[in-house]
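> Spelled out from the first residue to the last, the chains are:
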Amino acid sequence: MQNVLVLRIIFGLLAAVIAVFSVMAVCTRRILHAATYLLFVLFATAGLYFFLNYSFLGAVQLLVYAGGVIILYVFSILLTNTDREEPLPLFSLRRWLALLATVGGVALAGFLLLSNVWPQTELPVDAEIGMKQIGHTLMGTQKGQYLLPFEVMSVLLLACMVGALVIGRKRS
Amino acid sequence: MFDFSVVTTWIDEGLRGIMPASGAIAIECVLIGVLLLAVYAVFALVLILAERKVCAAFQCRLGPNRVGPWGSIQTVADMVKIITKEIISIRHVDSFLHNLAPFLVIIASLLAFSCIPFAKGLQILDFNVGILFMVAASSIGIVGILLAGWSSNNKFSLIGAMRSGAQMISYELSIGLSIMTIVVLSGTMQISELVESQNDLWFIFKGHIPACIAFVVYLIAGTAETNRGPFDLPEAESELTAGYHTEYSGMHFGFYYVAEFVNMFIVAAIATTVFLGGWMPLHIPGLDAFNQAMDYIPSLVWFLAKSVVMVFVIMWFKWTFPRLRIDQLIRLEWKYLLPLNLVNLIVMVLIVALGWHF
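Sequences listed follow chains A and B, in order. Under the working numbering, the first residue of the first sequence is numbered 75, with each subsequent residue one higher. Under the working numbering, the first residue of the second sequence is numbered 255, with each subsequent residue one higher.
Everything labelled a hint here was simulated from the structure, so no lab data went into it. Among the hints, a few may not be true.
[To be verified] Incomplete in silico selection of chain A near chain B, CB under 8 Å:
no.: 1; residue: Leu-88
no.: 2; residue: Ile-92
no.: 3; residue: Val-143
no.: 4; residue: Phe-149
no.: 5; residue: Ser-150
[Claimed, not checked] When the alpha-carbon atoms are kept at most 25 Å apart in a straight line, the in silico DSS-like pairs for lysine-lysine are as follows:
no.: 6; chain 1: B; residue 1: Lys-589; chain 2: B; residue 2: Lys-307
no.: 7; chain 1: A; residue 1: Lys-217; chain 2: A; residue 2: Lys-206
no.: 8; chain 1: B; residue 1: Lys-460; chain 2: A; residue 2: Lys-206
no.: 9; chain 1: B; residue 1: Lys-572; chain 2: B; residue 2: Lys-589
no.: 10; chain 1: A; residue 1: Lys-244; chain 2: B; residue 2: Lys-589
no.: 11; chain 1: B; residue 1: Lys-335; chain 2: B; residue 2: Lys-307
[Claimed, not checked] Partial list, computed: chain A residues near chain B (C-beta under 8 Å):
no.: 12; residue: Ile-105
no.: 13; residue: Ala-108
no.: 14; residue: Ser-129
no.: 15; residue: Gly-141
no.: 16; residue: Ile-144
no.: 17; residue: Ile-145
no.: 18; residue: Thr-154
no.: 19; residue: Leu-171
no.: 20; residue: Leu-173
no.: 21; residue: Gly-204
no.: 22; residue: Glu-225
no.: 23; residue: Gly-237
Remember, predicted model here, so these are calculated numbers, not experimental data. In this text, a Cβ means the ideal position worked out from N, Cα and C, and glycines have one as well.
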């Protein structure tokens, strides 16, 4: 039973880090601080994957999100540099709409959580999923395998690259 | 050949005998953490001394020769000095990010360091995607460098950080792809299995031509990834004073300095593990007597000897080649190394599919 307690404590720590830094990332006024807090959130998420014994996803989370996406965020913040604050009116249509969307989103997420996930608590399985199994699932064409979504994602990335080239090319 | 896991299992069983499992794990975590930091610091001291001696030899000087025999405890004295130095707080900097950045760099370096298999059974982190985790962990350091450059409120720092970020992102692709070439050959990403499967022959011989190309590309990209010469333009003194760590003082600067040197060792250690057999002795199929003789040399000696040779080659680069310009550096990666690497990967896949390797 003591083992279960230790696992609960680790999970609680990771969850607290995710929750606290998510809120801080949204609340801070400095944009680079927000990116740093987001980095901490992504670290803790990777920690959750390692905690679940899914080390492949944890490593990919570190590589793609912490090592890739955050660096691109920081890069674009450094290149654009818009840390100046524009005073916004306290009440405006945009703010009311944002409030509405937030309340709606929280209600939806809360409903889904409470109706599906909340009552069940499962301990992580000890078995590691093999790299070969992940590879076959990702590259297979049978039912429950993911070749088509994988390729669609690559088309999306290609579109992003073409867009970046169009924006970034020199116009004579 | 002595297996270090005998020692670790003995400690583990001893601890579990006198306390519950979770307490034993907690104590082991603390022990490993302290040991890791100590080994990290010792490696950094030895490497800094080695760098100064090698540099002196290349420039026909003697190098440090006053403190201790042949100047051998010079870096210990330097360490004491830098620890007692004041960390100057600068006005108009973003102090949160400024103080956080060195720790991100050192944590990334430590995480990668803890994956290294030093000897048979002497490895801290080992799981089924170990080599991928190692590459992922070392990529976190770039965030630290970018944040350092931004938060210093200094144009030199900012330009240095941008250069460094661009350089490390670019060369990370080459590192990943050249390691991927060997992963294709071996069929595993677990570091211990990578070493075990070089029991009959090291991968650089097993995969012959594509493995050699991948090895050379890895060495170039690894040197660039650690911001060392001839790719040290993020901190080129003549242009940028000291690049992204211009504004850092005391031990905060020391963290960057130490991380840079240990990162060089990590690059050498990955080259050793992935291409040159790690701690595995030189085994040639068919020559049983020779293999038996090689087994008498301890695995730790094999690993350290190969790594020292690789570290020497990387130092040799630094004191031989002139520094590249930023556009030449980026062009080298994106126009030459990356296409070469992709073609090389396909060649390796073909060779493995057709069974043309040893």
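> Evaluate each hint against the coordinates.
Here is what the structure says about each hint:
1. Leu-88: At about 16 Å, which exceeds the 8 Å cut-off, the nearest Cβ of chain B leaves the hint on Leu-88 (chain A) violated.
2. Ile-92: Violated - the Cβ of Ile-92 (chain A) stays beyond 8 Å from chain B, reaching only about 18 Å at its closest.
3. Val-143: Check failed: Cβ of Val-143 (chain A) comes no nearer than 11 Å to chain B, outside 8 Å.
4. Phe-149: With a closest approach of 6 Å, the Phe-149 (chain A) hint holds.
5. Ser-150: violated (11 Å)
6. B:Lys-589 / B:Lys-307: It is violated: about 36 Å lies between the C-alpha atoms, which goes past 25 Å.
7. A:Lys-217 / A:Lys-206: With Cα atoms ~18 Å apart, Lys-217 (chain A) and Lys-206 (chain A) stay inside 25 Å; holds.
8. B:Lys-460 / A:Lys-206: Cα-Cα ~22 Å, so holds.
9. B:Lys-572 / B:Lys-589: Holds. Lys-572 (chain B) to Lys-589 (chain B) sits at ~23 Å (cutoff 25 Å).
10. A:Lys-244 / B:Lys-589: holds (19 Å)
11. B:Lys-335 / B:Lys-307: holds (20 Å)
12. Ile-105: violated (11 Å)
13. Ala-108: With a minimum Cβ separation of about 11 Å from chain B (threshold 8 Å), the hint on Ala-108 (chain A) is violated.
14. Ser-129: Since the shortest Cβ distance to chain B is 5 Å, the answer is holds.
15. Gly-141: holds (3 Å)
16. Ile-144: With a closest approach of 6 Å, the Ile-144 (chain A) hint holds.
17. Ile-145: holds (5 Å)
18. Thr-154: Thr-154 (chain A) check fails; min Cβ-Cβ to chain B is 12 Å, beyond 8 Å.
19. Leu-171: violated (32 Å)
20. Leu-173: Cβ of Leu-173 (chain A) sits 29 Å from chain B, so the hint is violated.
21. Gly-204: holds (6 Å)
22. Glu-225: violated (18 Å)
23. Gly-237: This hint is violated: Gly-237 (chain A) lies away from chain B, its Cβ roughly 19 Å from the closest one there, beyond 8 Å.
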